[in-house]
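There are 2 protein chains.
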Amino acid sequence: MQIRNNRYTLKNCRFIVNYDKIFENTNIVIQDEYIKNLGREVEGDEFDCSEYVAIPGLVNAHTHTPMIALRGYYDDAELTEWLEKMWEFEKVFKTNEMNIASELAVMEMLSKGTTAFIDMYFNPEGVKEIAEKYGIRAYAGYTFLNRLFDPHEIDKKQRQLKASELFKPIVNVHSIYSTSVDTLKLANQLAEETNSWIHIHVSETRSEIYEIKKKYGKFPVELLNELRIVRKAQLVHLGWVANWELQYVTNATHCPTSNMKLATAGFFPFKELIESGVNVTIGTDGAASNNSLDMFREMKNAVLLQRYSYWDVGIKAYHVFKAATENGYKLINLKGGKIEEGYIADIVLLKKDKLYPLKKDRILSNIVYYSVGEHVGKVIVNGRIVYDENVEREFDKRRRELLGLLDKIIP
Amino acid sequence: MQIRNNRYTLKNCRFIVNYDKIFENTNIVIQDEYIKNLGREVEGDEFDCSEYVAIPGLVNAHTHTPMIALRGYYDDAELTEWLEKMWEFEKVFKTNEMNIASELAVMEMLSKGTTAFIDMYFNPEGVKEIAEKYGIRAYAGYTFLNRLFDPHEIDKKQRQLKASELFKPIVNVHSIYSTSVDTLKLANQLAEETNSWIHIHVSETRSEIYEIKKKYGKFPVELLNELRIVRKAQLVHLGWVANWELQYVTNATHCPTSNMKLATAGFFPFKELIESGVNVTIGTDGAASNNSLDMFREMKNAVLLQRYSYWDVGIKAYHVFKAATENGYKLINLKGGKIEEGYIADIVLLKKDKLYPLKKDRILSNIVYYSVGEHVGKVIVNGRIVYDENVEREFDKRRRELLGLLDKIIP
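These protein sequence lines map, in sequence, to chains A and B.
Sequential numbering from 1 applies to the first sequence in full-length UniProt numbering.
Sequential numbering from 1 applies to the second sequence in full-length UniProt numbering.
Please note that a few of the clues may not be correct.
The list treats identical chains as one, so a pair stands whether inside a single copy or across any two.
Unchecked claim - PhoX-like, lysine-lysine: derived pairs with alpha carbons at most 20 angstroms apart:
1) K94 with K185
2) K185 with K218
3) K397 with K354
4) K360 with K408
5) K351 with K215
6) K128 with K185
7) K94 with K157
8) K271 with K133
9) K352 with K213
10) K85 with K359
11) K185 with K354
12) K213 with K335
13) K352 with K408
14) K133 with K156
Derived by calculation from the structure, the hints in this document are not laboratory data.
Owing to the predicted nature of the structure, the values given are computational and were not obtained by experimental measurement.
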């Protein structure tokens, strides 16, 4: 279902919207995996883009794709109780069943403009296969979680997991509180030796801070710093982080909807993090705690939560748009997240009729505050057209098949 | 574009979802404006409903329809500065121009499952005509706002405004701070004599509390109580209300997205209000402060904000679904907001394929936490089918015409 075309032109895009620069009625020439040119040139096949607004692909920096199986299952509990309920199901959740749910999540994310995602779960081989099949970028790995798995087993399996065109292995650690210092050290060594990064939930709840401080005499980020983990880690949540801990952080991911829904309180210090030079990204978290995988809704909620927490409007549309595009690509170490010459051709085309009033000085606002994933018309990843209305019909058929299978599994 | 059919059956609806009761594979018989029967009976024409989930129509309890003209215009300011900017444009915004924007908003709301809305602006005659044309329920009136209008002029015009099948006049008062005690008394008398209610922004910001207390020696709700206004009023926002003021309140409307976006802080005491027996409803506010008019997104954000503010999960999906359905109809004094025998036939059909995993014990969660307006397939108001895919094509044409006109007006 992916169309590979070595060279083509998206002709006359109504707008091209980067977080810092907007072009009007402009062509995008794509050559292999890259954006060759922006302007008036036409090369190769032509696709009329006049009914679309082009934006860089969105990176969902934190999710748990198989949890789409648990969407709507247990929505009215705080994090600790909720997690117990999730783990109860996860003990009997088989790999082939996880793959069914991951495939559903991939179709959903792609159709809503997500071009890359970072996944924490237990079926990375399946995710790899699905990513290559659908043409989405995926970053996944086995997950250190001592309650469910032997860490040495995880280490061993992770070393056998290989990269492919669109898939890259990462080292997933569920959290400090669900592992041990030995496991953290093991994961750190693994990340170094496999040239990967550590993706970990940190400082999500007040009780986590209390428990870690009681057990180790340190705050969570402080402890990760002492273990020399934090610099190459992607810290997810950071709702209860001390200002002095921020100096240690390189990558932080915000999941505003999930944090609010699970009543974790605290707040993610978006402004302080970007002022400290931290690469801030945004994730939907899993479908069991959000329950949407729509990055447009997530960008908006990130602004709303900051404004509510800080009593000011310091965080604006372009901050979250940058976080979901350029910063996302920086995290996965690709020259993407902008529609400019020489950048990776990961592009989302939004139906322009959905973005009214359509004006140059309002377009970014309307993308962040008004749009939803349903406004997406086409998606291009690595130069290939991987989603459009024809693909949607294929998705629809496949979705019915998969849901038939899923219905037999889910609680 | 409205289909009037005296008697028909929505056959075999996959689910029928009320906040307190869910039916499976059930028929809905509609006779004139009412739901005649739920069950296995078939009367009149048959419409296959097996691909749909039926929910009661959603009431958008607070909006400013013409502000769709300002969507995306000035999104990064706090309320006071933002309001100055809005008023600047509103001074030159002509009634016929407002009507263009209101018509766009009505199409948008209807297509996203809103069957009734409460509007505060300056073009109620236009709103009345539009509501009858599109078949949506509208509650609107001229607005007391001393800075822009002579209150006696408003009083006079309001007395000439008459109800029609779907339209009812209400007394709009912008706020305490933008009127005077004399104007509030005038509005109160008008509401009594026209058998209407007062729809007013109250206790939205901390500075409002400070200003009102300084000027009148009273808190806003306290002042409205002293003026004998509060019992028959619909109080919108209530972000900065004292617990002891709640005893005076009858109707309260929450606009979580707008409050967060404008950084008004405080919080709407959802739980305390319902425990005090107050009729709590939900509104999107205008498109310039949200910027969406999607009540599905608003229901979700209402839960998220409460959970974030209270550090607990006390407010659940069914609370906000009740607020948007049954409580909304209670406010407008109609026996609606539930799909049951004898209730008004205001019904929204959601495409069931969008609500996966589709299970009886997850369906309400997935409607509130996952759905967006784009999942709406058909809308029925007062027994008439007023929105479906054929109507959407008409909307599309009309939208293009109106946007062409709007482009010449907007800043």
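Okay, the hints, checked on the actual structure:
In this assembly of identical chains, the alpha carbons of K94 and K185 never lie at most 20 angstroms apart, being 28 angstroms within a copy and 68 angstroms across copies at closest. Within a single copy, K185 and K218 get their C-alpha atoms as close as 16 angstroms, which meets the 20 angstroms cut-off; across copies the closest is 61 angstroms, which misses it. For a Cα distance limit of 20 angstroms, the shortest separation of K397 from K354 across copies, 13 angstroms, qualifies, whereas the shortest one inside one copy, 26 angstroms, does not. For the identical chains of this complex, K360 and K408 are inter-copy neighbours only, at 15 angstroms across copies versus 49 angstroms inside a copy, given an alpha-carbon limit of 20 angstroms.
Taking the closest pair of Cα atoms, K351 and K215 never come within 20 angstroms of each other, the shortest separation being 53 angstroms inside a single copy and 50 angstroms across copies. For a Cα distance limit of 20 angstroms, the shortest separation of K128 from K185 qualifies neither inside one copy, at 26 angstroms, nor across copies, at 68 angstroms. Proximity of K94 to K157 under the C-alpha cut-off of 20 angstroms is restricted to the intra-copy arrangement: shortest distance 16 angstroms within a copy versus 68 angstroms between copies. Proximity of K271 to K133 under the C-alpha cut-off of 20 angstroms is found in neither arrangement, the shortest distances being 38 angstroms within a copy and 47 angstroms between copies.
With identical chains, the CA atoms of K352 and K213 are never at most 20 angstroms apart, being 51 angstroms at best within one copy and 47 angstroms at best between copies. Within a single copy, K85 and K359 get their C-alpha atoms only as close as 47 angstroms, which misses the 20 angstroms cut-off; across copies the closest is 18 angstroms, which meets it. When the C-alpha separation of K185 and K354 is checked against a cutoff of 20 angstroms, the pair qualifies neither within a copy, at 49 angstroms, nor between copies, at 43 angstroms. For the homomeric pair K213 and K335, neither the shortest alpha-carbon distance inside one copy (39 angstroms) nor that between copies (56 angstroms) is at most 20 angstroms.
For the homomeric pair K352 and K408, the shortest alpha-carbon distance between copies (18 angstroms) is at most 20 angstroms, but the shortest distance inside one copy (40 angstroms) is not. For the identical chains of this complex, K133 and K156 are neighbours neither inside a copy (26 angstroms) nor across copies (67 angstroms), given an alpha-carbon limit of 20 angstroms.
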